[in-house]
Amino acid sequence: MRQQEDRPLTGTSQEPSAETGTRTAALSLQWQMLAGFVIGLVVGLAVYMAAPDARWVDHVTTYVTGPIGQIFLRLLFMLVIPLLVSALIVGIAEMGEIRALRRVGLRTLVYTLIVSAIAVAVSLLVVDLLRPGAGIDPAMARAMLNDAAPGAKAILSRGDDAPQGMAAFIAMIPDNIVAAMAGNDILAVMVFALFFGIGLMLVRTPQTQLLLSAMEGLLAVTMRLMGLVIRLAPIAIACFMFNLAAHFGWDLLIRLSAYVGVVLLALAIQMFGIYSLLITFIAKRSPLRFFAAVQEATVMAFATASSNATLPTALRVAEEELRLPRRISRFVLTIGATANQNGTAMFEGITVIFLAQFFSIELSIAQQIMVMMMCILGGIGTAGVPAGSLPVVAMILGMVGIPPEGIGLVLGVDRLLDMCRTALNVTGDLVAATVIAAGEEDQP
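Just so you know, the UniProt record's numbering puts the end of the sequence shown at 444, numbered straight through with nothing missing.
Dumping the calculated EDC-like pairs for lysine to aspartate or glutamate here, alpha-carbon to alpha-carbon at most 20 Å:
1) LYS284 - GLU440
2) LYS284 - GLU321
3) LYS284 - GLU320
4) LYS284 - GLU319
To be clear, the hints were calculated from the coordinates, so they are not data collected in a lab.
Model the full assembly from the supplied sequences, consistent with the hints where possible.
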């Protein structure tokens, strides 16, 4: 396997035309998804105003738009386990690839978990306080809930049978990983993948290298298949939005605007609040000078909506503007581009709670803690994977009994939110590199 620190230079300099074509295709898909969102919303609103109680509308949603959306969701659910397992194992295992930086890798892992936990806690606090999804007529929400996801029943919450309190904490550790996968116990599966990745990081033999290569191959294949499935997203989004708009009408637009506002507020708190505290009290630097130094990378991340595409710029900013040690900045930023994704974790948490409020589903403290932990691990496991947060959000929705079709609500505005959370992700990577470098200066 290639050394991690060589990837940014070789990976960004070779085959520029292919990379440009990939970005163009991704941009085209984003516009198609936006078009699907608008078409489904407009047609659904027209039906809501013209024929809200017509029988043919139920037939269309039952036999046409509903099944199309279900096929899309089932394809995502089919890939979510191999995707998360392989991504999390590879992401953790690569932290120990450079032996001289093993201590830095451990510090980076601990930092990532702690700061991701803070990020998700901030997002859940904001969405719980402002409740952007609340206020929908419970009868309408319940009707939508009852009609939801016959094809996703296999992953729906276990409800009253779900463990609570200490039992829920213990249940995070699977006693049978095959049974956990078969039962779609995604949190237990992710904990297993986390420990497995740590094991591969600690054991370096030719056999474990082959095993890690196999995991990388599984990740590559799953990512490719996910890319093919995502091509169906514009059609699925149009179907989702038609179903939702036909049920909820203009209330849908109001709640969607509130959702976007809450996401942006939470991202701003993390960016200018939490990161400023880390820079001030741990890295011992001025937050104003830091943000001024990294603005080029932040703007690039916002424009491209890609942490990987911004990596060369972030590396240059870290070395030339922040004056960080090259060995630290390369390692931490390369890992961060695929693991330290605070914005992604916050987006997942807010989306789940927003949709729970939208469908009038009250989540217990234990359920919200479970959502928080899954978002923390999901931010590590799905980073760098195209549309990786989509199956994670859908899976979490199913686990807490929320209609997975609800993701159609947010996909139409995801382009703007993706740009914003990518800017946070890249800035967070630079914060991590600055904090880790400050800690290394204290080492003998």
